[in-house]
Amino acid sequence: GAGVSQSPSNKVTEKGKDVELRCDPISGHTALYWYRQRLGQGLEFLIYFQGNSAPDKSGLPSDRFSAERTGESVSTLTIQRTQQEDSAVYLCASSSGGTVREQYFGPGTRLTVT
Amino acid sequence: AQSVTQLDSQVPVFEEAPVELRCNYSSSVSVYLFWYVQYPNQGLQLLLKYLSGSTLVKGINGFEAEFNKSQTSFHLRKPSVHISDTAEYFCAVRSGGYQKVTFGTGTKLQVIP
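Top to bottom, those sequences are chains A and B. First residue of the first sequence? That's 1 in the numbering used here, and the numbers climb one at a time after it. First residue of the second sequence? That's 1001 in the numbering used here, and the numbers climb one at a time after it.
In short, the hints are calculated from the structure, not lab data. One or more hints might be untrue.
Unchecked claim - With the Cβ distance kept under 10 Å, some of the chain A side facing chain B (calculated, not the full set):
no.	residue
1	Val-4
2	Pro-8
3	Tyr-35
4	Gln-37
5	Glu-44
6	Tyr-48
7	Gly-51
8	Gly-59
9	Ala-93
10	Gln-103
11	Gly-108
For glycine and all other residues, C-beta sits at the position ideal for the given N, C-alpha and C.
Using the sequences and the accompanying hints, generate a full structural model.
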């Protein structure tokens, strides 16, 4: 079946502009996660959704970052007034709501802020 | 709280040699452990997982890992690496009762011809 998809695959934006990144999880997966991966670094947790509620937003780096999810479907990560330090690959993952919660990752969106 | 430590940021190894990538975790409760691989310019792919039962877990591409509860480790091994194994490897843990999976900082495996 289809895996996790993300769009756009690449985004170049000017400093100060807003961007929206989209994630389509695997159908039926109730949990959805956003991570940030800066060049040469590990994964930085941003936010986790269970259904359309976000019980853990602890990783959002500032109030310029927000995310929403429609039901158990698409999620959008929005970054307002982008800064150069926001440049990174943004990865989305989804999992079933079971005990194990094995995560399936999308290919990521590479964001470059100029 | 849960955490993961991958002590080696880079591991160079010659082709056909064995390799071990180290992972240590901390958690006060039962754990689920994962290894993911990230090939250049791609997303993460699950290599293997430990849920319960046998402490030796076999994954894709000839990799295996051993869960050692007393040493709180979950090291990844392969007896003979190939050039195509060049990638970054991430260890991850989820503790019972936590919703979130915590990832290590990754180990870059460089296979030298």
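Status of each hint after checking the structure:
1. Val-4: Cβ of A/Val-4 sits 8 Å from chain B, so the hint holds.
2. Pro-8: Violated, because the Cβ-Cβ distance from A/Pro-8 to chain B comes to roughly 15 Å (cut-off 10 Å).
3. Tyr-35: holds (8 Å)
4. Gln-37: Status holds, d = 9 Å.
5. Glu-44: With a minimum Cβ separation of about 9 Å from chain B (threshold 10 Å), the hint on A/Glu-44 holds.
6. Tyr-48: Where the cut-off is 10 Å and the nearest Cβ of chain B is about 6 Å from A/Tyr-48, the hint holds.
7. Gly-51: violated (12 Å)
8. Gly-59: This interface hint holds because 9 Å falls under the 10 Å limit.
9. Ala-93: For A/Ala-93, the interface hint holds, since the closest Cβ of chain B sits about 8 Å away, which is under 10 Å.
10. Gln-103: Given a least distance of 6 Å, the restraint on A/Gln-103 holds.
11. Gly-108: holds (5 Å)
In terms of the numbered hints stated before, the structure departs from hints 2, 7, listed from lowest to highest.
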